[in-house]
Amino acid sequence: MQYILMRSHSGIFMTLGKGTTYVASSKQKLNTKSSMEAELVAIDDSMAQVLWTRHFLAAQGECVPTMTIYQDNESTILLAENGKASSGKQTKHLDVKYFFVTDKIKKVEVKIAYCPTQDMLGNFFTKPLQGTQIVRMRSKILNLPSSSSTAVHRSVLKNVKKNDGSGSESISRLSGTENDGSRAVIGGGDGNSRNYAVKATKGSGQD
Amino acid sequence: MYEYIDKMLAELPSDMNGVSTTPAALHLFNVDDGAQKLDEDRAQLFHHLVAKLLYLSWRSRQDIQTAVAFLCTRVQSLDMDDYKKLARVMKYIRGTKDMTLTIEANDGPKWWVDSSYAVHPDEES
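Those protein sequence lines, which keep their order, are chains A and B. Counting from 1, position 147 in the first sequence corresponds to residue 147 in the working numbering; the numbering is continuous, with no gaps. Counting from 1, position 73 in the second sequence corresponds to residue 73 in the working numbering; the numbering is continuous, with no gaps.
Don't read these hints as lab results, they were simulated from the structure. Hints should not be assumed to be uniformly reliable.
What the hints assert, rightly or not - A few chain A residues that face chain B, going by a derived Cβ cut-off under 7 Å, partial list only:
#	residue
1	Ile-4
2	Leu-30
3	Asn-123
4	Pro-128
5	Thr-132
6	Gln-133
What the hints assert, rightly or not - Chain B residues, not near chain A, derived (Cβ > 12 Å throughout):
#	residue
7	Lys-37
8	Asp-41
9	His-48
10	Ala-87
What the hints assert, rightly or not - For each label pair, taking beta carbons as the anchor points, the in silico distance ranges come out as:
#	chain 1	residue 1	chain 2	residue 2	range
11	A	Thr-66	B	Ala-35	26 to 36 Å
12	B	Asp-32	A	Cys-63	47 to 57 Å
13	A	Lys-107	B	Asn-17	34 to 44 Å
Beta carbons: idealized from backbone N, C-alpha and C, even for Gly.
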């Protein structure tokens, strides 16, 4: 017997200022009845990582009292904040497990804030975006230098018209931006100590 | 990471030539059951390249994460459409191979969580 499972897709994005420090894009493990429910499941998927990050930063001496999660679905925000109390006909069946977040909101460890859909960076990890949307979000997610759009066009042209030449020049230009203090360029080619420092944070972010 | 990307692009078969501006088309999550299955050699190549892309998507190219997440769910039953989707990601990488991730910490942690409803039409018995 074959069943068609129409499962939803979660997208989670974290930043410490600029550039991503944790992303997840994954198929959800269960079927949901509505997009509101799917958003709640996505929040639940992110909770383990959110709380772990909070504890990790606290252990580094960087205490974050309340983690902010941005959501673009207002009914999900209400449902997560009020828990079972705001469950009506449509959400009666939801497992108490998915109201774990409600408990954390009550303890002020986490708060959920509204973010309009066009600024929703999680969107990037749930659907294949096109055109200007992908360019705008990509520059936020990878924290590309503001002139990067020209660099992209140049590398495209370079591939079409000639094989080499401007390539190494633009690579060194990108690597050259890594010199002001807190910035760290990943994958800059040269295996220097900055790469190791980044590896430490990246590695711990995934485990 | 540049060396890794260049090496990966150098060993691609010729049907993945060309460049693309986005890593996936709008029909990324659509699956056609009638599509022609991949032969053994190509399936192995697919597996190999997706594993490479997975590493890349975690390290410095988070922008291909969505496409790679989908390709990873497909390795069990590959068809020609999946191969074309993989080719699209490779073309995108070729067009944007100078991009890297830059992390700046100047603000508290912030999270964005979103979902898209009922996009995976996979089957289970």
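Results of checking the hints against the structure:
At a threshold of 7 Å, the smallest CB-CB gap from Ile-4 (chain A) to chain B is about 6 Å, leaving the interface hint in force. With 7 Å as the threshold, the beta carbon of Leu-30 (chain A) stays out of range of chain B, its nearest partner Cβ sitting at about 12 Å, so the hint is violated. With a cut of 7 Å, the hint placing Asn-123 (chain A) at the interface with chain B holds, because the nearest CB-to-CB distance is about 5 Å. With a least beta-carbon distance of about 4 Å to chain B, the hint placing Pro-128 (chain A) at the interface is held under the 7 Å criterion.
For the restraint placing Thr-132 (chain A) at the interface with chain B, the shortest Cβ-Cβ distance is roughly 11 Å, beyond the 7 Å limit, so the hint is violated. Hint status for Gln-133 (chain A): violated, given a least beta-carbon distance of 10 Å to chain B, over 7 Å. Here Lys-37 (chain B) stays apart from chain A, with its beta-carbon at least about 17 Å from theirs, past the 12 Å limit. No Cβ of chain A comes within 12 Å of the Cβ of Asp-41 (chain B); the nearest lies about 27 Å off, and the non-interface call holds.
For His-48 (chain B), the condition that its CB be more than 12 Å from all CB atoms of chain A holds, with the nearest at approximately 20 Å. Remark: the non-interface label on Ala-87 (chain B) is consistent with the geometry, its nearest Cβ contact in chain A lying 15 Å away (cut-off 12 Å). Thr-66 (chain A) and Ala-35 (chain B) have their C-beta atoms about 48 Å apart, which leaves the hinted 26 to 36 Å range violated. Roughly 51 Å separates the CB atoms of Asp-32 (chain B) and Cys-63 (chain A), a value that falls within the hinted 47 to 57 Å.
For the hinted restraint 34 to 44 Å between Lys-107 (chain A) and Asn-17 (chain B), the CB-CB distance of approximately 55 Å leaves it violated.
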